[in-house]
Amino acid sequence: MTAVIATKEVCRYFGDDEETMVKAVDKVSIEIERGEFTAIVGPSGSGKTTLLHLLGGLDNPTSGSVELSGTNIAEMSGAVLSDFRRDHIGYIFQSYNLIPVFSAEENIEYIMLLQGVEAAERKRRVADMLQQVGLEGLGNRRPNKLSGGQQQRVAIARAMVSHPEIILADEPTANLDSKTGIALLDLMKELNEKHNMTFVFSTHDEKIMNRASRLIHIHDGEIELDERK
Amino acid sequence: MQTIKLAFRNLFRNTRRTVLTVMLIAFSLTALILVDGAMRGMLTLMVENVTGTITGEAQIHLVGYRENLDVDLYMDDSDEIEQILRQDSSLQSYSPRVISGGMISSSYNVSAGLLYGIDAELERGTSKVSDAVVRGEYLSGLDSELLIGRSMADLLEVDLGDRIVITLSEAGSGDLAQALFRITGVLNFGMRELDDNFVFVNIDAARAVLGMSEQQTHEFAIKFNNPLDAENPDTAIFQQFNKEEIEAMGWLDLNKEISLVIELMAYSSLIVGSILFLLASLGVINSMFMSIYERIYEFGVIKAIGTRPAAISRLILCEALLLAIISCLLGSLLGFALGSWTSTHGIAIGEIEFSGIAFNNNILTEFHVAQFTQFPFYVVLLTIVAAIYPARFAAKIVPSEALQRSL
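Residue numbers (this note's numbering), protein chains in the order written: chain A, 141 to 369; chain B, 2 to 408.
Hints listed in this document are in silico derivations from the structure and should not be mistaken for laboratory results.
All clues stand as given, with none of them false.
Listed below are the simulated PhoX-like cross-link pairs for lysine-lysine, each with C-alpha atoms no more than 25 Å apart in a straight line:
(1) B:Lys-6 x A:Lys-285
(2) A:Lys-347 x A:Lys-329
(3) A:Lys-263 x B:Lys-6
(4) B:Lys-257 x B:Lys-129
(5) A:Lys-148 x A:Lys-167
(6) A:Lys-285 x A:Lys-319
All figures in this text were calculated on a predicted structure; none of them were measured in a lab.
Hey, can you work out the whole structure from these sequences and the hints?
Okay, here's the thing in structure tokens:
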């Protein structure tokens, strides 16, 4: 198995003063392999979201390295980092975060526009993704005309349509009812198995933990337990 | 294309704020169009008053005559000059004059004043003396006729038909001479300087009192077919007459203080425009920042999924550009509508005297192509410049911070 993500002694500290400094992530070294369905779990404030941001290049580590497919993204910045995120990482956020003035189709298409994918191919992939997430016929609706579950399905489609190597999901079921959450998790698990896509969740949702192939327990910024099922 | 689509839709996410910002920019442009139109109208009125009342658009005299209106500095070859002026097709009219300071007396009072000897017919086409007659008749050519300003008539306590005695020094000899005239008309120019001090008689009568021959003239006032010729030093008249002894001057050179006023008015427009644009710019910056702060989480998201910082800058600048274009369309339409009304009905200013010039008419605003090309261009440019700072701010948003901030 090859490691898609590898961190070495990665730290993220907030504040300069020794006394008030917060060690959100402290000397974390992990390797996540292709196709894993991993959940970073821990109580609120344990540093799981910060670690997820570091893995996705949304934040720069105080020290240490974060390698995605062998590239150290901790050393990247600006447009190079943006392009790397666009081509290698898909994100799913807790509160869906679709562009409100775009329809579901346009939200899914947006990332392909950034990638310069041709119009016909974009159209084909959007239709395919809508079908895969069960939103056929709803592509023209704007986010405010979709339910929470439907919006999160669009977010999943947006994250997957660019064929990223990994998908990072920050509490993706937190704002959904139990039934919708389970349905979406089953969908993500199915996509994981079908496309051998790597998923990393930050969560304290039991439903995700039950479905994850690996659980990384984090507490006060440090890894407490790393278990594979 | 996607950026324009996104920018356009973003603009109307908060319709109220966009409408208020558009109104701010549009009204600033409208105000600027009207202020510029009023300035241009005022300038036209001022030039008309200066050139049309008595001065003319240009004058010919002996060099040095204008310094103190010395009666001895007259031109000897009137016929020759008149022949040249008659043949010049660029001239609409001209008028010869003899001028002298003197004592103007009635049976009741006395006043210092300026006697203008004019050719009644030629003067009619060159100045507003005939139009200024408010009572009585204009000159018909009789030696005894005299036109007097209303306020001087009040001072001398005289009216139509009353006698006026003018005492002055003869040209050349300097001997005192007197002549009796009867008031045939009372004038009101609306300019204090003229109404208080000037009397007009027929040129032959004036020459007789001053001891001047028919060939001798102090001044020729000129009116061009194209008023702009008066401002062009290359105009034939100026080239032809600016010799050693004789000088021909346009109205701008004859009225140095008016040139300064015109320059001042240009600066006024610039200052008013700058203030309006500054206020509009602050409005744009404020609106843009409000819009960015409202969408900061969204910027975090689109940056997280791979939008480059430059693309976010472009989006904000595109929003500003669309805002400016919409504002300019509205502002220009409003400016045109209001300007059309004020260009026919005028802006009432009452009777005011500015720099010795009376304004007793409504100022009719004037359109100029720059108001609908340059001004909107400046508005667009300034709006984009004002949006650069918010755009840079949005581009520098750190996704992890933006995502945390609004959670």
